[in-house]
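S.K.: Chain by chain, the residues run as shown.
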Amino acid sequence: MEFALSEEQRLLQDSVRRFLEQNAPLDKVRLAAGNTHTVQRSLWAGASELGIPGMLIPEDFGGMGLGFLDAAIVYEMIGRHVAPLPFLGTTVMAPLALMLAGSEAQQEKWLPKIAAGEIVAGVAITEKIGILEDAGVKALNGKLTGKSLFVIDWAEADFYIVADSDHGLHLVLPDAKGLSRRALNTIDKTRSVGELVFDRVAAEPLPRSSADAVARMIDAGRVMLAADTLGAGQMMLEKAVAYAGERKQFGRVIGSFQAVKHLCAEMAAALEPSRSLVWYAAHALDEVPGDARLMACHAMSHLSEVGRFVARTATEVHGGMGFTDLLGLHYWFKRIGLDRQLLGGPELVRLEAARLQGWAA
Amino acid sequence: MDLAYGPKYEAFREEVRAFLTKHKDQAPRGLGAAGRPSPEACSWQQLLIQHGYAARTIPKDYGGYGAKPDILESRIIAEEFSSARVPSALQNQGISMLVPTLLELGTEEQKKKWVKPTLRGEVVWCQGYSEPGSGSDLASLQTKATEDGDDFVINGQKIWTSTAHEADMIFCLVRTEPDKPKHEGISYLIFSMKTPGIEVRPLTTMTGHAEFNEVFFTDVRVPKTQIVGQRGQGWLVANATLKYERGMLGDPAAMETRFQALVDLMREETVDGQRAIDNPIFRDRLIRLQAELAAMKFNGLRLLTSASRGEDPGLARLIVKLQSCELTHQISALAIDVMGEFGVLYDDSPYLRSHGSWQWGYMFQLGLIIGGGTAQIQKNIISERGLGMPREPKLAK
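If you read the protein sequences in the order shown, they are chains A and B.
Under the numbering used here, think of the first position of the first sequence as 1, with each following residue one higher.
Under the numbering used here, think of the first position of the second sequence as 362, with each following residue one higher.
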């Protein structure tokens, strides 16, 4: 009985933390947020040397063959450093789609390239959770028509995994005829999302597609978003504690005022059990299939609530400085803001959790 | 991450199950959490001690079972008793607070005299710590013990003394050195509640019940030998005890039982013919609590792993009292809300649900948020010890 990270996992997390401390400091994040793609490219190349892009991909395809808990603790570090990396789509959801639903030929063609960090993969799946406006993709005679919004890792993707309205998954190339693309500019400039519009676009179906495969991609994505929020929230708390230990007013550091200390205590009290929940939800994806979907919902919705509280509270502890661009704290605030809405906001996710337990139609 | 216990512990689990199958008919119905255990509860406790399911790690010489401490074994025992719905070992302030304190700091004579009958449920204790003027600032307590020959003579008042009306004995903090700084003038005494000069008055709370008492001391004579630890070191002794009290709170299994009762309630109660669980707003609140409960449950597993490795889990432990009390209170709050007007029925009203236990719980649990270190004191502890933030500057004395 051991509910803890293994020695290897702690080493993995430390090495990712060190890599990001050195290579993704705030000035780099600012450059990337200004849409300087060279920063993201070089950072992704560096992450490749650590094996990050292929961490979930089996060794036969050049990956590391690690589990979702490993991925979650890495994404936690990426969130901690608000690093502009295409982890969610490229490392987690697209490889999972290929592994669950792809043909051998598709796996052999694409997985090694992802593992090598040579390509970026986007994921168009939002409409499987909730259809906004008239979005949605229909497959007819091997061609896709319609549109998908909030495509994950949209920018510079070398291919997209697209979910249609019928649990089919498809592989689409960015230069396919009839495909048009628009960036969606969210508050979070460290990760790209965009729109894909399909007008009878030729697509390559993943032959083993199923409702289950789509659902498992979403489960994994949700746990990762929870982990990202955990890392970003933890960093915001640490920054708040550090700032409160330096900033003086009324002749005292503000961290000696209970009004300020209690805010920090409340953040810590919310974050600490959340960490345990994220660990278990990630562990369950691999090891406890019967628990996986419900726990993914719980992790995602709970971290969304905790994240919103921490993002707001840590900003308040920083006072006026927290509100400025100068300090850059807003990158964390905005990261947590996007995490909350992607793959279903907490109310939608809780409704799903209720359905899973037979508590809602 | 490995959530399996492994063959050695699974074999142990089988032993516990075999015991339960064989003996569960002898178990009493409920042990009574606070008061004096019934005779059948006492004999059940003795059977549990004999088999190592109570007082498991207390040395045999002092009436325990004498096993080596193993947190996973303790956890398995708790799991199996809970899933068999059989009352587990007796829990009261004597067993959970006084016994570990005596074992750590008592004299050989004190251990020999008090540990065994306390473990067996034959001696019931109460705790004399809080005073009307000394709550969060416990060390400011004013109950005086003055020296007179071989005795201390005690005058003063304690409050929040649960089970005082039933108790045989009290472990009590008194001021023996009024001229010393507040933390250095306190002593820890143990004495009989039958000593002349003690008056116990029930303290009725907002629930309408007297879950606590006030205890008044007028010239109560206690032999000096009944001190635990050194004179003037009572604060250190008390802190050893409080450490054990904090370990008592925040039981995820108990919260899970309450949550399950809430789910059952929401399937039964209706408004306009619609079940509460089918109301999207109530249901959203329910799932939100379920996620928080899951987080606390896994936090508990993390603490268990830290304890089994002898590591300090730090923040994960410091937040337990604050978070558990709040979550328990929120579960009761939702139960009341789904019942609507029925939720405020109380006493023996017609239409009363679950004997009024949700409303009683909602009020009593507010007491738990305040007692044993208020939520605000907990936040001081979390920020100072867990996050390393500076203490509030002290006023000059």
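Hints are computed from structural coordinates only; laboratory data are not their basis.
Be aware that one or more of the hints could be misleading.
One side of the interface only, derived from the structure: several residues of chain B facing chain A at Cβ under 8 Å [to be verified]:
| no. | residue |
| --- | --- |
| 1 | 377 |
| 2 | 378 |
| 3 | 381 |
| 4 | 382 |
| 5 | 433 |
| 6 | 577 |
| 7 | 648 |
| 8 | 652 |
| 9 | 668 |
| 10 | 677 |
| 11 | 684 |
| 12 | 737 |
| 13 | 738 |
| 14 | 740 |
| 15 | 752 |
In this text the structure is predicted, and so the values were computed from the model without any measurement.
Backbone N, C-alpha and C fix where the C-beta goes; we use that ideal spot for every residue, glycine too.
S.K.: Against each hint, give a clear statement of whether it holds in the structure.
M.R.: Hint-by-hint comparison with the structure:
1. 377: Interface hint status for residue 377 (chain B): violated (15 Å vs cutoff 8 Å).
2. 378: violated (17 Å)
3. 381: It is violated, given that the least Cβ distance between residue 381 (chain B) and chain A is near 21 Å, above 8 Å.
4. 382: violated (24 Å)
5. 433: holds (6 Å)
6. 577: violated (34 Å)
7. 648: At about 4 Å, which falls below the 8 Å cut-off, the nearest Cβ of chain A leaves the hint on residue 648 (chain B) intact, so it holds.
8. 652: holds (4 Å)
9. 668: violated (11 Å)
10. 677: holds (5 Å)
11. 684: Holds. Min distance 5 Å.
12. 737: Nearest chain A Cβ about 7 Å off; hint holds.
13. 738: Given a least distance of 10 Å, the restraint on residue 738 (chain B) is violated.
14. 740: holds (4 Å)
15. 752: It holds, given that the least Cβ distance between residue 752 (chain B) and chain A is near 7 Å, below 8 Å.
Taken one by one, the earlier hints fail for this structure at numbers 1, 2, 3, 4, 6, 9, 13, listed in ascending order.
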